[in-house]
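Protein chains: 4
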Amino acid sequence: MSTVRNPGSELAAKSVDRPSVNSAVDSSTNPGKSPATLRLALIGHGRMAREVERLAPHRGFDIRVILTSASNVDGAAIHAEAFRDVDVCIDFTNGAAVAPNIRRIAVVGTPIVVGTTGWNAQLGEVRGIVTQSGIGFVYGANFSLGVQVLTQLVRAATEKFAELKLFSPYLIETHHQFKKDAPSGTALELARQAAPWIEPAALPITSVRAGHFPGTHEFGWDAEAETLTLQHTSRSRQAFAEGALYAARWIAARKGFFHFSEILNFQEES
Amino acid sequence: MSTVRNPGSELAAKSVDRPSVNSAVDSSTNPGKSPATLRLALIGHGRMAREVERLAPHRGFDIRVILTSASNVDGAAIHAEAFRDVDVCIDFTNGAAVAPNIRRIAVVGTPIVVGTTGWNAQLGEVRGIVTQSGIGFVYGANFSLGVQVLTQLVRAATEKFAELKLFSPYLIETHHQFKKDAPSGTALELARQAAPWIEPAALPITSVRAGHFPGTHEFGWDAEAETLTLQHTSRSRQAFAEGALYAARWIAARKGFFHFSEILNFQEES
Amino acid sequence: MSTVRNPGSELAAKSVDRPSVNSAVDSSTNPGKSPATLRLALIGHGRMAREVERLAPHRGFDIRVILTSASNVDGAAIHAEAFRDVDVCIDFTNGAAVAPNIRRIAVVGTPIVVGTTGWNAQLGEVRGIVTQSGIGFVYGANFSLGVQVLTQLVRAATEKFAELKLFSPYLIETHHQFKKDAPSGTALELARQAAPWIEPAALPITSVRAGHFPGTHEFGWDAEAETLTLQHTSRSRQAFAEGALYAARWIAARKGFFHFSEILNFQEES
Amino acid sequence: MSTVRNPGSELAAKSVDRPSVNSAVDSSTNPGKSPATLRLALIGHGRMAREVERLAPHRGFDIRVILTSASNVDGAAIHAEAFRDVDVCIDFTNGAAVAPNIRRIAVVGTPIVVGTTGWNAQLGEVRGIVTQSGIGFVYGANFSLGVQVLTQLVRAATEKFAELKLFSPYLIETHHQFKKDAPSGTALELARQAAPWIEPAALPITSVRAGHFPGTHEFGWDAEAETLTLQHTSRSRQAFAEGALYAARWIAARKGFFHFSEILNFQEES
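Protein chains in written order, with this note's numbering: chain A, 1 to 270; chain B, 1 to 270; chain C, 1 to 270; chain D, 1 to 270.
Source of the hints: derived by calculation from the structure; they are not laboratory data. Please note that a few of the clues may not be correct.
Identical copies go unnamed one by one, so any copy, or any two together, can satisfy a pair.
Under the rule of at most 30 Å between Cα atoms (straight-line distance), these lysine-lysine pairs were calculated in the DSBU-like manner [to be verified]: (1) 180 - 165; (2) 180 - 255; (3) 165 - 255; (4) 165 - 179; (5) 179 - 255.
Kindly produce the complete structure, drawing on both the sequences and the hints.
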């Protein structure tokens, strides 16, 4: 894990007045004590970034740099001097900004988590930059830890149910009335996980658009007399901020190009 | 009552070497795809046995023998003549009747599924009889197929969540107001599956006793902003009859002593 | 309430061997003791009628007559002699059979519950026959008692939420994959109940067709930080048989033309 | 801290004579439909007060004064000069602080919403002060609007089910593992609403303490074949802040002593 070069922080006191969050810091890597504080840079300062900003002090992060779209045109604010005291950074910007930001961060050498979506066309280019520079890099479209576990369980469950023809699978996802795409990207990913055992035509997917629901996904199997469901419910976007911070701590001392789904239950090779 | 119905039909099913994926199909609507019909004996004729009786014709079984507690004292009605045209039998009697029944069925040589509970003290004796005689034998306390999948998924999920300290596990089971024991046996089994990763004190188990609920088990993990649940709901005792018939078809052409949990996703050794 | 002219019944013993149902007989009209046994005729003998047949003995009914489509062409089997010992009857036939049956039952004078659907075109004619003859008559499209309460609560709740613009209403109904119409008739009725306070465009209705679900209706209101739901779930068609028997007891000593929704919380005029 | 921000804006809202149906609208996106802006004082600055502070600008409130426990000992910071530009205030302090605060606010004459609990012993005294001074006053233990509707619906539903003995009522409430009391105050209030029709012994109440659940209450009725539930779920404490702001707008132009439960569907006497 990255050492913390300057554990004293003038920003730590900022957490005093914030909406409380339980400091349920994952101490699995430091049993019995708090994890080392990591110094964080936020690239982008929209809704998700502000949620990360609110949560970070409760998860053992010290925010040292915040770059906005105005202050960081073409990644101009990313340079060695500004990132001198930064252990890891998180990018929640927009699709067009990702490649320029990565070009700069690769030079600086700071590990980075990218939660921004909409840059699939640059995926190959970004991967090349990351691999060549040797930085640590994690990206994903849904940073909820619970959704990642759900995805893995759907795969395991689908395989188990493949032999049990008494059960019919289904998928329901519920989001607020303002969400435009349907099914959700996460629902489509769950269907992909099930595809080796369930033909698309055999998996009815229902999208509910109603109220203000942050996001619920239910993958179920229903027989004549019983039902089994795997369900994930988000209460707020804090769920995504948690995952981004989890990934930031994970990548802080690693190198390589990772999808978020790879980092859960990751077994270090010996 | 001990009736032997239509003894003329042939034993076509012994050649079936694994549970057919068509076993769910109501053979009246898909005659061309039906699995081979198996000739079934019911030992005991209480609630569960009558539910098996109702369901069996829809699952490709032909009931040839029904033994009641009155007609089968000490297993007296189990003999070669009566079971001549029986491929497999299902025992839903009472704990005291199991060992005597098994002693007789071992002589007759018919594969058997035991759904009766309350004979744990005779488990060793019964296992000995089964092994020596070489009959096929499946037993279990909860014959719901969905509960078996749930049990396996709880194990997989608990392992995945072990590293994610942001999530707290819990277990809720709901049954009708007349159920006397709490937590349910299935809830205790789920807790046992989780035990390698969750200390008992860290797993709150809540039992709801209300209304007429046939049985619901929810194993969940809740973080500050998201919840993941694995939930199984029974709508009626048909769920248990389905599993007993599934096990009957599975054991019909096998030998050996099996727990119901072993037969799902069973991989035949080559 | 109708007196029972012949309380002894040769059919009562038939219940001994049936799947058990708790005898949770509604004794509200006879506090502290079982209600009087009513002698019942079943007109029609399809799925729903057979479910009524199974349940009736557990609800204080003695089945005296069962008419099938073969035995009752054009209502020919409905005559005074056959219905001499019948207190009330239940019709689960098909739309075309209802008017002919009512013409005959009006002559016989037996109160009747009609659970059959598909005779809307004859509603006026049937009402005329009922009114003229003075028999008791109850009809409805969904005989679940819980759905009736749900319908009334949706009305009350919608009115309360009319002022609370922070909440957005929605409606989700879930039925088995074989149900062809969507939304369900019950969902449309719930929307009608809400119509005085919610414009149709403001009420998203989602139909889930999956598995074998007997029927779930959820009417909810979701705000940014909270959700309120009214939900009804059927576990089996017993729910409809219960309501039909409830209606049969209710109409047994009454006269007049009633919709099932009118009989809950009915206040007798003094 | 006691800040007075931008004292120049006028008290436009006194003419508002009922809660505006547009109060839910984020005024930044619908400027033409916004309700009149109200100038708000926060008395207390703990968790709930900070949530009100976050939400208030989105609900048409302008925060002018924030008093902390340090700045407002014995209500010392509540005086005419400080509250000159305040239309309404919200108190989230502690039980001991309520009576002193009310004594001062009664002199200043500002309408007030009290979300603080733990001052039941002073209820009579506070009511006297309010009545004598003629200020507007709303108090309550649970400011969730959804819970208020739930409470009213439980009453209506319980009455309807009183005749339907096939259904058994139950109550389940779920809160985070850190909540010490059980059942929750809201669950007890729901049971009180049901008391005229359900004896306490006939209403099983189950408390689930697990994870981080902000609060779920389910009042259900279960029969052998169907279930009806009324369920309220909070996703965050924003639900309580919404209700406090709703009450603040409601009381801003009224006089009198009100419980929060009285203000929903309030019918102005003509």
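Practice problem: Using 30 Å as the alpha carbon limit, work out where residue 165 and residue 255 are close: within a copy, between copies, both or neither. | Solution: between (45 Å within a copy, 24 Å between copies)
Self-check item: Intra- versus inter-subunit Cα pairing at 30 Å for residue 165 with residue 179
Solution: Result: close only across copies, 19 Å inter versus 34 Å intra.
Exercise. Since the copies are identical, ignore which copy is meant and state whether residue 179 and residue 255 lie within 30 Å (CA to CA) inside a copy, between copies, both or neither.
Key: Neither: 35 Å inside a copy, 42 Å across copies.
Quiz item: Under a CA distance limit of 30 Å, which applies to residue 180 and residue 165: within one copy, between copies, both, or neither?
Solution: Between copies only: 22 Å across chains, 35 Å inside a chain, cut-off 30 Å.
Quiz prompt | Status of residue 255 relative to residue 180 across identical chains (alpha carbons, at most 30 Å) | solution = Close neither inside one copy (36 Å) nor across copies (45 Å); limit 30 Å.
Violated hints, in rising order: 2, 5; the structure is consistent with all others.
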